[in-house]
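K.L.:
Sequence:
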Amino acid sequence: MNLPENYIPIIIQALVAIGFVAVSLLGAHFLGPKPTTTTVDKNKSFECGIESQGDARSPFSVKYFLTAILFVLFDIEIVFFYPYAVNFREFGIDGFIAVLTFVAIFFLGFLYVLKRGALDWDK
Numbered sequence: 002m003n004l005p006e007n008y009i010p011i012i013i014q015a016l017v018a019i020g021f022v023a024v025s026l027l028g029a030h031f032l033g034p035k036p037t038t039t040t041v042d043k044n045k046s047f048e049c050g051i052e053s054q055g056d057a058r059s060p061f062s063v064k065y066f067l068t069a070i071l072f073v074l075f076d077i078e079i080v081f082f083y084p085y086a087v088n089f090r091e092f093g094i095d096g097f098i099a100v101l102t103f104v105a106i107f108f109l110g111f112l113y114v115l116k117r118g119a120l121d122w123d124k
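Basically this note's numbering = 1-based index in the sequence shown + 1.
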């Protein structure tokens, strides 16, 4: 049954977690080092010893984002092969046909992407 008393351990755990975060943040604020001076050089953006150049809002090619999304799409496909690889004997011929159908659908998608020229960087 869902009685209010059953939620007491969850509430206690949430309060302990919130308390730990609060104590950690306050401890870091009060016990941590304090900056003595701030200068223009200390407030500048810095990465790998290279001076910042230009605007951070420079436009990227849409092909970059499209390639990244396609990579994620076809990379996630591999995740669905793991359960089949572990249990392929139990799935039998029906499982094999299901996996072939799955691969065929993704292969058609890949052919569509190639036909549309999404992976041609020279265009």
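Hint data in this document are derived by calculation from the structure and do not stem from the laboratory.
Beta carbons are placed, not taken as given, at the ideal position from N, Cα and C, and that holds for glycine.
Please note that a few of the clues may not be correct.
Taking lysine to aspartate or glutamate pairs in the EDC-like style, the calculated list, with each CA pair at most 20 Å apart, reads [said to hold, decoys possible]:
1) LYS64 x ASP76
2) LYS64 x ASP121
3) LYS45 x ASP56
4) LYS64 x ASP123
Label-pair ranges, simulated between beta-carbon atoms [as the list claims (entries may be wrong)]:
5) SER62 x ILE106: 50 to 58 Å
6) LEU27 x SER62: 25 to 33 Å
7) THR40 x GLY118: 31 to 39 Å
8) ALA29 x LEU4: 49 to 57 Å
9) GLY33 x PRO5: 39 to 47 Å
10) ARG90 x ILE51: 35 to 43 Å
11) SER25 x TYR85: 26 to 34 Å
12) LEU4 x ALA69: 21 to 29 Å
13) LYS43 x PHE103: 35 to 43 Å
K.L.:
Taking the earlier hints as the rules, which of them does this structure contradict?
P.N.:
5, 6, 7, 8, 10, 11, 12 and 13
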